[in-house]
Structure formats: structure tokens, C-alpha cells
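Heads up: the protein sequence lines correspond to chains Z and V, in order.
Every letter in the first sequence is one number past the one before it in my numbering, and letter 58, counting from 1, is 1149.
Every letter in the second sequence is one number past the one before it in my numbering, and letter 125, counting from 1, is 171.
Keep in mind the hints are simulated off the structure, nothing from the lab.
Treat the hints with caution; some may be incorrect.
[Stated by the list, open to error] Covered stretches of chain V, as calculated for chain Z (at least 3 residues, CB under 8 Å):
1) 134-141
2) 154-166
3) 176-182
4) 230-242
Using N, Cα and C, we set each Cβ at its ideal position, and we do this for glycine too.
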Amino acid sequence: MTPGPGRRLIPAYLVTGGRSAPTGPALDRLAVLLRTDSALGPETGSEQRRLCELLEPGALTVVECAAHLELPVSATVFLATDLVAAGHLHARPPIPSAGEIDRSLVERLLVGLRSLH
Amino acid sequence: MDSVPSTDRGGIGYLPSAAETLMKLVVTGPFGVGKTTLIRTLSEIPTLHTEEAMTQSSTGLDDTAGLPEKTTTTVAVDFGRLTVQDDLVLYMFGTPGQERFFPLWEDIARGALGALVIVDTRRLEDSFAVMDMVEEQGLPYAVAVNRFPDAPAHADEVLRKHLDLDPRTPLVQCDARERRGSIDALIALAEHALTCLPAPQESS
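Let the sequences and hints guide you as you build the complete structure.
Next up, the structure:
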């Protein structure tokens, strides 16, 4: 796969608005991001807008968004956190119910892997 | 392949639904050992990468005499995705095995099922530091010997001895370019991870 068209023009520290910690709990790199139907206002920054546009057709994890937008994961977390707070995105943890790996999850994984043979 | 993600514009592999459970594992080992190859073999999306900035202290840990010198390096992390069941998706992150990447490693490995440590029989000693790091992290791991065409073949027992492997740690030999063997390596890791989890509770 060929990388995207060149480097981004805005350095990562500007994406974050100069803050060193996001407002709210940090998102996991595998948190699933979904676009809500709330319309973007004029206050939405260009990088935030790019993230929303990327998510328009479907859901992606934070780390996939970072890769497609060519942003560091940490900067993507910033953008997503603000967009969630503004109601433009919805974020969901990677393991929806229990919150951690348990036996039933690994057993399901094994069944799935064996069926891929 | 059974599960093909929805094809969409621009070749971005969107998740088929937003309701899946997502698991991750780490594929690690020295440079050039075949981490990305294995991920590419298994991934249903073209492998992606992120540039991760890392701040590290370049002086010794106990150096209190001077100000610690901090340097920032950037390291690329490749990753891929494999839908193993309709509602269960596995992410594979290829992380460099060098000790200096430990903080990044920790961050990526948090919440991971385990680590697949890839080794090359021509330079087994290059993998020792990685294995130490994984053990320090307390992550279940399996060793996958990537059989390069020009590398000498060795019996499992010989390799286990040279790698000083715990008898419980799985070792599989595979070709990272081949799907079946690579899946076997994941199965070995998942089976081992299962034995590391607390025993099932008796229903009360």
C-alpha cells in the first residue's frame, strides 16, 4: 500500500491546541469511533473536520484513524476526545461488556482462529 | 478468506459494524525478523502504520547528578486486523523489540492477549532481550520461529534449549508468508494465554 499524499501541514502540537492532556478520560487506541449526525459548526478545526469526514462512511478504531490521517495516536486521541465532548463522535471501548479479557473471550477467539484454517 | 470486511471508498477497511469486540496481540522481535510479513499474511486490511513519538531519558536511571537528557525519537508501528468471528476482531501490532522502545511497548501491550515473539534461527541471541522484555511485562507469549528459506532447520527441542524456554511456553515453526502456519502460531499463543487466565469458576 502506498502512503498518503505527503506529510500533514500542521504539526502535531498544534493539533492539540497546545494542551498536554486531553479533556476527559484518555481513549484506548482500540476505542471504536463513530460519527454522530450532529452537524459540524464553524468552530470545528480542520484536523477535527478531517477526522469526522474519515468516519462519515463507517466506524474505525482510534489507531486506524491515526494511520489514515497520518497523525500520532496521541494527537488523534486529543481530536477524538474533543469531538466526543462536542457530540460529533461517539466512542466505545474495544471490549464492550466486561472491560477485560476473560476465558470466554479467549475461547471464542480460539474457535474463530481454528475455523480460519 | 471467510470474513472479508465491507469494501468501501478509498480502500479504508471500515469495521463491518460498530458492535464488535476487539482484541489485540503484539507481534514482536528484532528488526527484519518477519513481524510485518506475518501481520501482512494475516491481515484483512492493507497493513497500516502509525508514527509514534517517544520521549526517553538518554542517561542512566540512577543518574541524579545532572539534568536528565531527554530525546524524542519516532518509531513506526505496523498493524493489521483479522476478523475471527462475525463479532470478534483481532488487531495485531508489530512492535520493535529493542529495550529502548519499552515505554511504547508497554502502552501498546496494555490489555493485550499476549505476545508472539518471532525469532530467526540464524540469530537467536537477538531475541533474548525481547523475551526478557515480554517476561518483564508479564504478558503470556509464544515463540514463532520464522523459517527463512536459507536458514538452517533445527528440531524444536534444540531451539527450546538455546532459547532457554520455559517448558510451558509454546514454540511453533512457521513461514511468516504462509497463512496456515501463521494462524497456527496465533492459536498456540491463544491456547497458552488461556492457561494463564484464572481457572473457570465453579458455578455456585
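- [ ] Please flag the earlier hints that this structure goes against, numbers listed from lowest up.
- [x] 3
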